[in-house]
Amino acid sequence: MTINSIYILNKAGTLIYQNDFGNTEKLSHNSYIRLGSTFHSLHAIASNLSPVSGSSSGIEVIETEAFKLQCFQTHTGIKFYVIADPNHQQLEELLHGVYELYTDYVLKNPFYEIEMQIRCDLFDYKLLRLLGVRE
Amino acid sequence: MSKKYDKLGNDVFNKVEKINSELFTLTYGALVTQLIKDYEDIEQVNIKLEQMGYNIGIRLIEEFLAKSGIGRCSDFIETAEVIAKVGFKMFLGINAHVGDWDADRKEFHLTIEDNPLIDFVELPEQYKHKLYYSNILCGVIRGALEMVQMKVKCTFVKCTLSDDTTSEIKVVLEEVLSDMIPVGYD
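Chains as they are written, first to last, in my numbering: chain A, 35 to 169; chain B, 119 to 304.
Quick caveat, the hints were computed from the structure, so don't treat them as lab data. Please note: incorrect hints may appear among the correct ones.
As the list claims (entries may be wrong) - Derived lysine-lysine pairs resembling DSS-like cross-links, with alpha carbons at most 25 Å apart: (1) B:Lys136 / A:Lys142; (2) B:Lys224 / B:Lys122; (3) B:Lys276 / B:Lys246; (4) A:Lys60 / A:Lys160; (5) B:Lys248 / B:Lys271; (6) B:Lys185 / B:Lys122; (7) B:Lys288 / B:Lys166; (8) A:Lys142 / B:Lys166; (9) B:Lys224 / B:Lys269; (10) A:Lys45 / B:Lys271; (11) B:Lys133 / A:Lys142; (12) B:Lys121 / B:Lys133; (13) A:Lys142 / B:Lys185; (14) A:Lys160 / B:Lys246; (15) B:Lys185 / A:Lys45; (16) B:Lys125 / B:Lys185; (17) B:Lys155 / B:Lys224; (18) B:Lys276 / B:Lys288; (19) B:Lys224 / B:Lys288; (20) A:Lys160 / B:Lys288; (21) B:Lys288 / B:Lys248; (22) B:Lys269 / A:Lys45; (23) B:Lys288 / B:Lys246; (24) B:Lys136 / B:Lys125; (25) A:Lys160 / A:Lys142; (26) A:Lys160 / B:Lys185; (27) B:Lys248 / B:Lys121; (28) B:Lys248 / B:Lys166; (29) B:Lys269 / A:Lys142; (30) B:Lys269 / B:Lys166; (31) B:Lys166 / B:Lys155; (32) B:Lys271 / B:Lys166; (33) B:Lys121 / B:Lys136.
Please read these numbers as outputs of a predicted model, since none were measured by experiment.
Given the sequences, and given the hints that come with them, work out the whole structure.
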């Protein structure tokens with residue numbers, strides 16, 4: 035089952051990582067950034083629109099006929115989201131796996147500046163391995 | 119509540135990768151002595167250690183959350199238990215105890231047993247009650263909690279290296295940064 039793209043947004047909603055897999059159509063660099071911030075805003079709006087009292091988790095899944103988007107927000111406010119085949123069942127586990135890779139191979143790299151763009155080859159490599167195992 | 123976290127702490131500890139503790143202890147020792155040489159002023163060394171800890175804490179919290187799978191704590195009492203039973207166990211392999219709560223439940227003391235950082239350390243007389251050798255731990259706690267929207271102040275109140283009977287860190291909750299809590303957070 036195909037995974038199309040993975041996005042990571044920092045606390046402020048800025049895109050810090052994006053990667054496409056398989057034969058996903060490429061967009062321009064700016065489009066990815068725009069998509070990221072749009073999702074961040076929609077997520078914030080959605081969580082405020084909850085019809086029941088108390089706070090809502092915001093957007094967790096978007097399902098369409100062509101794709102499925104699954105989002106995971108950490109306690110610190112980082113958002114991980116993946117776009118995949120609509121029939122994919124294990125996206126939640128996948129995102130948790132990505133989170134663990136992020137803590138190991140991004141945050142433990144002393145030269146990675148927190149909140150900034152992720153440019154870590156080891157992370158890319160491990161991410162591919164993670165996806166490879168699951169596909 | 120405490121029992122539950124004891125178990126979780128052990129489970130996570132068994133899962134994470136281990137390193138030789140002597141390498142860790144010696145590296146930290148080299149770091150502290152180098153800081154003393156560089157700064158000469160012991161107060162500066164304490165501050166630097168705390169800042170280094172802070173920088174570690176703001177990164178470490180993510181690993182802590184990812185690998186322990188812990189949810190948001192309902193109150194500061196729970197936070198204290200989680201730090202003591204899960205946090206210290208996971209990263210240092212040791213147990214810490216929470217005690218001495220104040221009336222408002224905003225201040226507690228964390229007693230650390232078998233701190234691996236001080237395994238071979240004998241503090242020279244002139245540094246006793248001045249140098250907080252493990253002050254990096256205070257910074258780690260402060261950094262980690264800040265990332266989950268709690269502003270705290272941590273200080274060493276007792277240290278076995280300065281001939282006290284126990285090692286204790288005082289943690290004071292100054293403020294919950296509620297406007298920093300991510301929207302849509304359940």
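Hints and how they fare:
{"no.": "1", "hint": "B:Lys136 / A:Lys142", "in the structure": "15 Å, holds"}
{"no.": "2", "hint": "B:Lys224 / B:Lys122", "in the structure": "22 Å, holds"}
{"no.": "3", "hint": "B:Lys276 / B:Lys246", "in the structure": "11 Å, holds"}
{"no.": "4", "hint": "A:Lys60 / A:Lys160", "in the structure": "22 Å, holds"}
{"no.": "5", "hint": "B:Lys248 / B:Lys271", "in the structure": "18 Å, holds"}
{"no.": "6", "hint": "B:Lys185 / B:Lys122", "in the structure": "16 Å, holds"}
{"no.": "7", "hint": "B:Lys288 / B:Lys166", "in the structure": "18 Å, holds"}
{"no.": "8", "hint": "A:Lys142 / B:Lys166", "in the structure": "20 Å, holds"}
{"no.": "9", "hint": "B:Lys224 / B:Lys269", "in the structure": "11 Å, holds"}
{"no.": "10", "hint": "A:Lys45 / B:Lys271", "in the structure": "23 Å, holds"}
{"no.": "11", "hint": "B:Lys133 / A:Lys142", "in the structure": "18 Å, holds"}
{"no.": "12", "hint": "B:Lys121 / B:Lys133", "in the structure": "19 Å, holds"}
{"no.": "13", "hint": "A:Lys142 / B:Lys185", "in the structure": "14 Å, holds"}
{"no.": "14", "hint": "A:Lys160 / B:Lys246", "in the structure": "47 Å, violated"}
{"no.": "15", "hint": "B:Lys185 / A:Lys45", "in the structure": "20 Å, holds"}
{"no.": "16", "hint": "B:Lys125 / B:Lys185", "in the structure": "14 Å, holds"}
{"no.": "17", "hint": "B:Lys155 / B:Lys224", "in the structure": "37 Å, violated"}
{"no.": "18", "hint": "B:Lys276 / B:Lys288", "in the structure": "9 Å, holds"}
{"no.": "19", "hint": "B:Lys224 / B:Lys288", "in the structure": "11 Å, holds"}
{"no.": "20", "hint": "A:Lys160 / B:Lys288", "in the structure": "40 Å, violated"}
{"no.": "21", "hint": "B:Lys288 / B:Lys248", "in the structure": "16 Å, holds"}
{"no.": "22", "hint": "B:Lys269 / A:Lys45", "in the structure": "17 Å, holds"}
{"no.": "23", "hint": "B:Lys288 / B:Lys246", "in the structure": "18 Å, holds"}
{"no.": "24", "hint": "B:Lys136 / B:Lys125", "in the structure": "18 Å, holds"}
{"no.": "25", "hint": "A:Lys160 / A:Lys142", "in the structure": "14 Å, holds"}
{"no.": "26", "hint": "A:Lys160 / B:Lys185", "in the structure": "17 Å, holds"}
{"no.": "27", "hint": "B:Lys248 / B:Lys121", "in the structure": "36 Å, violated"}
{"no.": "28", "hint": "B:Lys248 / B:Lys166", "in the structure": "14 Å, holds"}
{"no.": "29", "hint": "B:Lys269 / A:Lys142", "in the structure": "23 Å, holds"}
{"no.": "30", "hint": "B:Lys269 / B:Lys166", "in the structure": "19 Å, holds"}
{"no.": "31", "hint": "B:Lys166 / B:Lys155", "in the structure": "13 Å, holds"}
{"no.": "32", "hint": "B:Lys271 / B:Lys166", "in the structure": "15 Å, holds"}
{"no.": "33", "hint": "B:Lys121 / B:Lys136", "in the structure": "24 Å, holds"}
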